[in-house]
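> So you can see what is in the structure, the chains are spelled out below.
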Amino acid sequence: MNKPLLRVEGLKKYFPIRKGLIGKTVGHVKAIDDVSFHVNEGETLGIVGESGCGKSTTGRTIMQLLEPTEGVVEFQGKDLTKLSANEIRAVRRDMQMVFQDPYASLNPRHTIGKILEEPLIVHGGGNAKERREKVVEFLKIVGLSEYHAKRYPHQFSGGQRQRIGIARALMTNPKLIIADEPVSALDVSIQAQVLNLMQDLQKEFNLTYIFIAHDLGVVRHISDRVAVMYLGKIVEITESEELYANPLHPYTQALLSAVPVPDPNYKKEQIIIEGDMPSPANPPSGCAFHTRCPFKMDVCTKVIPVLAEEKIGHSVACHLYTSESNDDIERKKQLEGSV
Amino acid sequence: MSEFTPKVDGVVEAELEKTIGPWREAWVGFRKSKVAVVGAAIVIFFIVLALFGPLVTKEGINEQFMTDRLQPPSSEYWFGTDDFGRDIFSRIIHGARISLSVGFFSVVGSIVVGSFLGIIAGYYGRWIDTIISRIFDIMLAFPSILLAIAIVSVLGPSLRNALIAIAIINVPNFGRLIRSKVLSIKEDEYIIAAKAIGMKDFRILFSHILPNSMAPVIVQGTLAIATAILEAAALGFLGLGAEAPYPEWGKMLADSKDYLQNAPWTMIFPGLAIMLTVLGFNLMGDGLRDALDPKMKS
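Protein chains in written order, with my numbering: chain A, 1 to 339; chain B, 1001 to 1298.
Hint data in this document are derived by calculation from the structure and do not stem from the laboratory.
Note that the Cβ used here is the ideal one computed from N, Cα and C, for glycine as well.
Any given hint might turn out to be false.
Said to hold, decoys possible - Facing chain A, from chain B, some residues (calculated, C-beta under 7 angstroms): (1) Pro1022; (2) Asp1188; (3) Glu1189; (4) Tyr1190; (5) Ala1193; (6) Gly1198; (7) Met1199; (8) His1208; (9) Asn1212; (10) Ala1215.
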């Protein structure tokens, strides 16, 4: 339970902005900017944040579907960023992905049987008969039936398709599954079914999940630990219960205050954050959140806060919790200037 | 997205209809369009004519009845005779074979080469794309018939070389079409899913991207056969296609131009044959587009 299966260290992904005839690089969109975390075997790490904060990019960069600009992605002790394309293909047997849009993630021209069989063909999983048996086995595991194998994706509902997507990810018996907003495209009633299925599967196959979502309620339901992302950075990471009981970062507090409570008489204080998320191509100086933060201080516009452990197992990147005062910062700056 | 899902399990058991694949669905859509079916009927008629017609025509294509030169249509010569006393009806039926095979094979050639170049340009991008796309741009900068004439002039006039020339000038059209389709498909989640599974590029390209980009190619291909038949006729008319005794429709038109005023049937029937075939392919192509284009569906 406590051995890290995946360790991400200083991960960065910058997309160049090209302009003009020869495609000169005029800047970078910093989709992920220096993200570090680890995931232990058998646990679920939730990653939450607004759209555009880099959470999906984080998932895809870990999968090496996008080449990281910088950083280390260590999976089962191997640094994936140093592997060749062939070695990465082999690693993908142990690391699979479930996608957001069940309407787009299945090839419309392949039958379900073929879609599920393909991972086995790619990774050499037995002969045709064995493969078919395994397809049927996994169809049943995710709550579908044998005759569904002959059908095409468009003949299924969204929830069923997402089950197929999950079955596809399970075919090669992976250790880690990165689920990129797996339920956000589904109706609420179906969301619960899919989430419960994922939890059952986790127990049965000892899976480790990275669960990316923008819905805090969903993440709370499934995650052991939660990381909150804002503009390409992790601003807070801690145990799920601790985060919901005791959020430290103003952004997390605002997010949590926006979660609806199923009690009509409950009066809650809502923290409204104003404005839009700044462009990741031109992030604000200092703390990226200072443009919208209700507790903004001078230091926030100047110094980028680092993710530091505030309590045991609860890290936050916010100047409210750093011991340094503004004077200290000023002094440091002068020192740096004089060197 | 508020799709009704009756059972708690999410399994729609009422759905007992037979498995309908995407191609079958397109066929059902195609049959609904009357115009497309008419087009397909014309095309099938000419194909049957090309395959079996030569077996039933009584006169050979090159038998000359010098006493019956430039005879108007009659019960003996249904479409009349030309300046050598050859039966125009027989020649048109034999010509269907030539025109259809030139149209079909030149387009198949362009699709194979164009798809290959287009899929590589679209999938790999960067400098490969730049090189292939610029070559297409250069080829498209020439008026296509001029380019065809130039190619035939270099290769030497013959039916085979006309076919090659027509195939070459159509390559950039298909190449661009496939490239743009691949560009959009490769960002689709099921392609990213294929990569995440650990699939090799080759398999992704030919098992996932190619089948999903074929629909517009089939539509364009059908329409291109019509154009190719016209281009073959134009090259024939200019004396750069089929050689003398072959009953190529364009060549027949060219031969008839001196007798236009006295014997208009020498021109009308080959012209009609070209027009009908082209019309048939165009109607069929439009119907296919409606049936295959997902944007037309609700």
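> For every hint, state whether the structure bears it out.
Hints, one by one, checked against the model:
1. Given hint, B:Pro1022 at the interface with chain A, holds; its Cβ is 5 angstroms from that chain's nearest Cβ, closer than 7 angstroms.
2. Satisfaction of the interface hint for B:Asp1188 is found here, the shortest Cβ-Cβ separation to chain A being roughly 6 angstroms, below the 7 angstroms cut-off.
3. With a least beta-carbon distance of about 4 angstroms to chain A, the hint placing B:Glu1189 at the interface is held under the 7 angstroms criterion.
4. The beta carbon of B:Tyr1190 is positioned within 7 angstroms of a beta carbon in chain A (closest approach about 5 angstroms), and the interface hint is therefore held.
5. With a least beta-carbon distance of about 5 angstroms to chain A, the hint placing B:Ala1193 at the interface is held under the 7 angstroms criterion.
6. At about 4 angstroms, the closest approach between the beta carbon of B:Gly1198 and any beta carbon in chain A falls short of 7 angstroms, and the interface hint on this residue holds.
7. For B:Met1199, the suggested interface contact is upheld, since its CB lies about 5 angstroms from the closest CB of chain A, less than 7 angstroms.
8. Given hint, B:His1208 at the interface with chain A, holds; its Cβ is 6 angstroms from that chain's nearest Cβ, closer than 7 angstroms.
9. Hint status for B:Asn1212 relative to chain A: holds, with the closest Cβ pair at about 6 angstroms, below 7 angstroms.
10. Evaluation of the B:Ala1215 hint against chain A yields a violated restraint, the C-beta minimum of about 10 angstroms exceeding 7 angstroms.
Hint violations for this structure: number 10 only, all remaining hints satisfied.
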